[in-house]
Amino acid sequence: MPMPFHMSLTGKNQGNISQGCCDMQGREDTILCQALNHEVYIPRDPQTGLPTGKRVHNPFTVTKVFDKSSPKFYQALSTGERMNDVTLKYYRINPSGSEEHYFTIKLEDAIVVSVKPWIPNTLDPARESFTHMEDVSFTYSKIIWTWVVDGVEAQDEWKTPK
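When we follow the working numbering, the leftmost residue of the sequence shown carries the number 5, and every step to the right adds one.
Incorrect hints may appear among the rest.
Straight line, CA to CA, 27 Å or less: simulated BS3-like cross-link-like pairs of lysine-lysine [stated by the list, open to error]: (1) K146 / K163; (2) K110 / K163; (3) K68 / K93; (4) K163 / K16; (5) K68 / K16; (6) K110 / K72; (7) K163 / K72; (8) K110 / K146; (9) K120 / K93; (10) K146 / K16; (11) K146 / K68; (12) K72 / K16; (13) K110 / K68; (14) K163 / K58; (15) K120 / K72; (16) K110 / K16; (17) K146 / K58; (18) K93 / K110.
Label-pair distances were calculated between CB atoms; the ranges are [claimed, not checked]: (19) Q51 / T108: 34 to 40 Å; (20) P8 / W151: 17 to 23 Å; (21) L36 / G155: 23 to 29 Å; (22) G57 / T83: 30 to 36 Å.
Simulated from the structure, these hints should not be mistaken for laboratory data.
Built from N, CA and C at the ideal position, the CB exists for glycine as well.
Produce the complete structure using the sequences and hints provided.
Right under this line is the structure:
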(Lines of atoms letter the chains of each structure in order from A and count residues from 1; the text may use other names and numbers.)
(Lines give C-alpha, C1' and ligand atoms only; values in the text may rest on other atoms or scores of the structure.)
Protein backbone atom coordinates (compact mmCIF):
# COMPACT_ATOMS: atom_id res chain seq x y z
CA MET A 1 0.00 0.00 0.00
CA PRO A 2 1.48 3.39 -0.96
CA MET A 3 2.14 5.83 1.83
CA PRO A 4 1.94 9.62 1.58
CA PHE A 5 5.20 11.54 1.40
CA HIS A 6 6.18 14.85 2.97
CA MET A 7 7.49 18.01 1.30
CA SER A 8 9.29 20.94 2.86
CA LEU A 9 10.24 24.07 0.98
CA THR A 10 11.68 27.50 1.54
CA GLY A 11 11.09 30.45 -0.76
CA LYS A 12 13.56 33.28 -1.26
CA ASN A 13 10.87 35.85 -0.32
CA GLN A 14 8.28 34.03 1.80
CA GLY A 15 10.66 31.88 3.80
CA ASN A 16 9.37 28.54 5.12
CA ILE A 17 6.30 27.88 2.94
CA SER A 18 5.56 24.56 4.66
CA GLN A 19 5.63 26.03 8.18
CA GLY A 20 2.64 24.97 10.27
CA CYS A 21 1.14 22.67 7.62
CA CYS A 22 1.68 19.41 9.49
CA ASP A 23 1.82 18.72 13.20
CA MET A 24 2.73 15.03 12.97
CA GLN A 25 5.59 14.29 15.37
CA GLY A 26 8.89 14.22 13.48
CA ARG A 27 7.30 15.79 10.38
CA GLU A 28 6.50 19.24 11.69
CA ASP A 29 6.56 22.05 9.14
CA THR A 30 6.13 19.73 6.17
CA ILE A 31 3.30 19.35 3.68
CA LEU A 32 1.60 15.97 3.45
CA CYS A 33 1.46 15.00 -0.24
CA GLN A 34 -0.76 12.32 -1.77
CA ALA A 35 0.59 11.84 -5.30
CA LEU A 36 3.50 12.70 -7.55
CA ASN A 37 3.97 12.91 -11.30
CA HIS A 38 7.37 13.50 -12.90
CA GLU A 39 9.29 12.30 -15.92
CA VAL A 40 12.82 12.69 -17.25
CA TYR A 41 13.43 11.29 -20.72
CA ILE A 42 15.65 11.51 -23.78
CA PRO A 43 13.83 12.19 -27.08
CA ARG A 44 14.42 9.48 -29.61
CA ASP A 45 13.76 8.72 -33.23
CA PRO A 46 10.77 6.33 -33.41
CA GLN A 47 12.28 4.51 -36.40
CA THR A 48 15.76 3.84 -35.03
CA GLY A 49 15.35 4.32 -31.30
CA LEU A 50 18.44 6.54 -31.31
CA PRO A 51 18.52 9.75 -29.26
CA THR A 52 17.58 12.93 -31.10
CA GLY A 53 18.34 15.55 -28.46
CA LYS A 54 19.11 16.43 -24.86
CA ARG A 55 17.18 14.88 -22.02
CA VAL A 56 13.95 16.60 -21.06
CA HIS A 57 12.80 17.28 -17.49
CA ASN A 58 9.02 17.66 -17.36
CA PRO A 59 7.53 19.70 -14.51
CA PHE A 60 7.59 18.00 -11.12
CA THR A 61 3.99 17.83 -9.86
CA VAL A 62 2.79 16.98 -6.37
CA THR A 63 -0.83 16.52 -5.28
CA LYS A 64 -1.70 17.88 -1.85
CA VAL A 65 -4.68 18.80 0.28
CA PHE A 66 -5.58 22.49 0.52
CA ASP A 67 -3.84 23.86 3.60
CA LYS A 68 -2.05 26.89 5.00
CA SER A 69 0.53 26.73 2.21
CA SER A 70 -2.05 27.03 -0.61
CA PRO A 71 -2.09 30.86 -0.80
CA LYS A 72 1.71 30.86 -0.53
CA PHE A 73 1.95 28.69 -3.66
CA TYR A 74 -0.23 31.16 -5.54
CA GLN A 75 1.98 33.99 -4.31
CA ALA A 76 5.12 32.16 -5.45
CA LEU A 77 3.51 31.45 -8.84
CA SER A 78 2.34 35.01 -9.43
CA THR A 79 5.68 36.59 -8.46
CA GLY A 80 8.06 34.01 -9.94
CA GLU A 81 9.60 33.44 -6.50
CA ARG A 82 12.51 31.02 -6.52
CA MET A 83 12.65 28.24 -3.96
CA ASN A 84 15.92 27.89 -2.06
CA ASP A 85 15.08 24.28 -1.30
CA VAL A 86 12.31 21.80 -2.11
CA THR A 87 12.75 18.46 -0.33
CA LEU A 88 10.46 15.44 -0.58
CA LYS A 89 10.89 12.58 1.88
CA TYR A 90 9.40 9.14 1.27
CA TYR A 91 8.58 6.75 4.09
CA ARG A 92 7.77 3.03 4.20
CA ILE A 93 7.23 0.25 6.68
CA ASN A 94 10.47 -1.75 7.01
CA PRO A 95 10.60 -5.53 7.62
CA SER A 96 10.62 -5.03 11.40
CA GLY A 97 7.32 -3.13 11.16
CA SER A 98 8.70 0.35 11.84
CA GLU A 99 8.29 3.36 9.61
CA GLU A 100 11.54 4.53 7.99
CA HIS A 101 12.63 7.38 5.75
CA TYR A 102 14.07 5.56 2.73
CA PHE A 103 14.12 7.97 -0.24
CA THR A 104 14.60 11.71 -0.77
CA ILE A 105 14.20 13.97 -3.79
CA LYS A 106 15.64 17.46 -3.62
CA LEU A 107 14.98 20.21 -6.17
CA GLU A 108 17.32 23.17 -6.38
CA ASP A 109 16.56 26.57 -7.88
CA ALA A 110 12.91 25.57 -8.35
CA ILE A 111 9.96 27.77 -9.26
CA VAL A 112 6.23 27.11 -9.11
CA VAL A 113 4.94 26.95 -12.69
CA SER A 114 1.36 25.78 -12.10
CA VAL A 115 -1.24 25.49 -9.35
CA LYS A 116 -4.30 23.48 -10.29
CA PRO A 117 -7.07 23.10 -7.69
CA TRP A 118 -9.53 20.24 -8.05
CA ILE A 119 -12.43 18.78 -6.17
CA PRO A 120 -13.57 15.22 -6.88
CA ASN A 121 -17.21 14.74 -7.85
CA THR A 122 -18.99 15.23 -4.53
CA LEU A 123 -21.98 13.15 -5.67
CA ASP A 124 -19.88 10.02 -6.27
CA PRO A 125 -20.11 7.87 -3.11
CA ALA A 126 -16.78 6.22 -3.96
CA ARG A 127 -15.09 9.59 -3.53
CA GLU A 128 -16.73 10.73 -0.30
CA SER A 129 -13.46 10.35 1.61
CA PHE A 130 -11.70 12.80 -0.75
CA THR A 131 -11.34 16.47 0.08
CA HIS A 132 -10.30 19.61 -1.79
CA MET A 133 -6.98 18.96 -3.50
CA GLU A 134 -4.46 20.83 -5.62
CA ASP A 135 -1.65 19.94 -7.98
CA VAL A 136 1.45 22.12 -7.62
CA SER A 137 4.06 21.90 -10.39
CA PHE A 138 7.69 22.98 -10.24
CA THR A 139 10.51 23.34 -12.70
CA TYR A 140 14.07 23.34 -11.41
CA SER A 141 17.68 23.56 -12.50
CA LYS A 142 18.96 20.61 -10.45
CA ILE A 143 17.44 17.43 -9.01
CA ILE A 144 19.03 15.00 -6.55
CA TRP A 145 17.65 11.51 -5.91
CA THR A 146 18.89 9.74 -2.76
CA TRP A 147 18.30 6.17 -1.62
CA VAL A 148 18.73 7.07 2.06
CA VAL A 149 19.05 3.52 3.39
CA ASP A 150 22.43 2.95 1.70
CA GLY A 151 23.40 6.53 0.81
CA VAL A 152 23.13 5.96 -2.96
CA GLU A 153 22.73 9.25 -4.84
CA ALA A 154 22.20 10.46 -8.40
CA GLN A 155 21.73 13.99 -9.67
CA ASP A 156 21.10 15.92 -12.83
CA GLU A 157 21.37 19.56 -13.81
CA TRP A 158 19.25 19.95 -16.89
CA LYS A 159 21.40 22.85 -18.10
CA THR A 160 24.52 20.69 -17.99
CA PRO A 161 25.11 18.82 -21.26
CA LYS A 162 25.77 15.10 -20.97
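A quick look at each hint next to the structure:
1. K146 / K163: holds, 8 Å
2. K110 / K163: holds, 16 Å
3. K68 / K93: Holds, because 14 Å separates the two Cα atoms, which is no more than 27 Å.
4. K163 / K16: holds, 21 Å
5. K68 / K16: Distance of about 22 Å is within 27 Å: holds.
6. K110 / K72: holds, 22 Å
7. K163 / K72: violated, 33 Å
8. K110 / K146: holds, 8 Å
9. K120 / K93: The given pair, whose Cα atoms are some 22 Å apart, holds under the 27 Å limit.
10. K146 / K16: Cα-Cα ~17 Å, so holds.
11. K146 / K68: Measuring from Cα to Cα gives roughly 23 Å; hence the hint holds.
12. K72 / K16: Status holds; Cα separation ~18 Å.
13. K110 / K68: Between K110 and K68 the Cα gap is close to 17 Å, so the pair holds against 27 Å.
14. K163 / K58: holds, 10 Å
15. K120 / K72: Holds: K120 and K72 sit about 16 Å apart, inside 27 Å.
16. K110 / K16: Within the cut-off at roughly 16 Å; holds.
17. K146 / K58: Judged against 27 Å, a Cα distance of about 15 Å means the pair holds.
18. K93 / K110: holds, 9 Å
19. Q51 / T108: 34 to 40 Å: With a Cβ separation near 39 Å, Q51 and T108 satisfy 34 to 40 Å, so the hint holds.
20. P8 / W151: 17 to 23 Å: holds, 19 Å
21. L36 / G155: 23 to 29 Å: holds, 26 Å
22. G57 / T83: 30 to 36 Å: Roughly 32 Å apart at Cβ, these two residues keep to the hinted range, so it holds.
Violated hints amount to a single one, hint 7; each of the other numbered hints is respected by the structure.
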